[in-house]
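S.K.: Quick note: the sequence shown uses the numbering used here, first residue 70, plus one each step.
Mixed in with the good hints, there may be bad ones.
[Said to hold, decoys possible] Subject to a maximum C-alpha distance of 27 Å in a straight line, what follows is the list of computed DSS-like cross-link-like pairs (lysine-lysine):
hint, residue 1, residue 2
1, K188, K145
2, K120, K235
3, K235, K188
[What the hints assert, rightly or not] Computed beta-carbon distance windows for the label pairs:
hint, residue 1, residue 2, range
4, H217, T270, 42 to 50 Å
5, N239, D143, 28 to 36 Å
6, C119, A151, 16 to 24 Å
7, E117, H266, 44 to 52 Å
8, P161, V241, 34 to 42 Å
9, T222, G263, 38 to 46 Å
10, P148, K188, 17 to 25 Å
11, D132, T270, 32 to 40 Å
12, H110, D223, 18 to 26 Å
The hints are simulated quantities; they were obtained by calculation from the structure and are not laboratory data. Computed from a prediction, not measured in an experiment: that's the story for all the values here. Where a beta carbon is used, it is the ideal one built from N, C-alpha and C, also for glycine.
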Amino acid sequence: MILIGICGASGSGKTTLALELCHAIGASCTLINQDTYYLDHPDMTFEERCKLNYDEPCIFDHDLLYQDVCDLMDGKSVPRKAYDYSEHRRAPSTEIMHPADVIIVEGIHAFYDERLCEKMFLKLYVNVDPDICLLRRINRDILERGRHIESITDQYLATVRPMYEKYIRNYVNSADVIVARGGKNAKIVEILAGYMHDALTEEAE
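Using the sequences and the hints, build the whole thing.
M.R.: Structure below.
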């Protein structure tokens, strides 16, 4: 069993890369989206939750994510977390994550927790021009998360861009591999999948 971390800016293609790798590796994979580990704030009103900075590292429950990864690597199944972006709340889920040959954790702060990084066999940083990331984020948030262009713009200027400059762009220094052009980079997906397949074969011998 190996753990892969994928980090990069919002809209850079982290999830796409993770899914492409899962398809190409040819082994069982469990994908964990860090976004589902936002801290829950049931005591706050919706208006108060809207004002939180969802791009800073401390907005995530790093301890819970780390524990779930440890349990999976110990051969235990864990509940898959879910998140309602329209309400900014943890959502109910009946899905279960099972141990697999490859566990992939992807998120804007996937490299923030040193405990998690120490367990990663490979750390990938998706490097895409910020303008492209913004366009992808706009399309995603409107189509998938029920957001409006005004709120997307306000959030980008208030937190997304500042947190990228302060934290996320610097995670590149922790990466083993820098992936250009996002998750649709077929050549790098092929190379990485082959490398991980070899690692799994060696681990099994």
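S.K.: Next, verify each hint and record whether it holds.
M.R.: Evaluated hints:
Annotation: proposed proximity of K188 to K145 holds, straight-line Cα distance about 16 Å (limit 27 Å). Note on K120 and K235: the hinted pairing holds, with a Cα-Cα distance of about 19 Å set against a maximum of 27 Å. At most 27 Å may separate the alpha-carbon atoms for a hinted pair to count; K235 and K188 meet this at roughly 25 Å. Distance hint check for H217 and T270: the Cβ-Cβ separation is about 49 Å, which falls inside the suggested range of 42 to 50 Å.
Range check, N239 to D143: about 31 Å between beta-carbon atoms, so the 28 to 36 Å window is met. One distance hint, 16 to 24 Å for the beta-carbon pair C119 and A151, holds here, with the actual separation near 20 Å. Restraint check, E117 to H266: a C-beta distance of roughly 47 Å satisfies the suggested window 44 to 52 Å. The hinted window of 34 to 42 Å between P161 and V241 holds, with their beta carbons roughly 36 Å apart.
Checking the proposed 38 to 46 Å range against T222 and G263 shows it holds: the Cβ atoms sit about 41 Å from each other. Distance hint check: the CB atoms of P148 and K188 are about 20 Å apart, consistent with the given range 17 to 25 Å. In this structure, D132 and T270 meet the distance hint of 32 to 40 Å, their C-beta atoms being roughly 33 Å apart. The given range of 18 to 26 Å is respected by H110 and D223, whose C-beta atoms sit roughly 19 Å from each other.
In the structure shown, no violation is registered for any of the earlier numbered hints.
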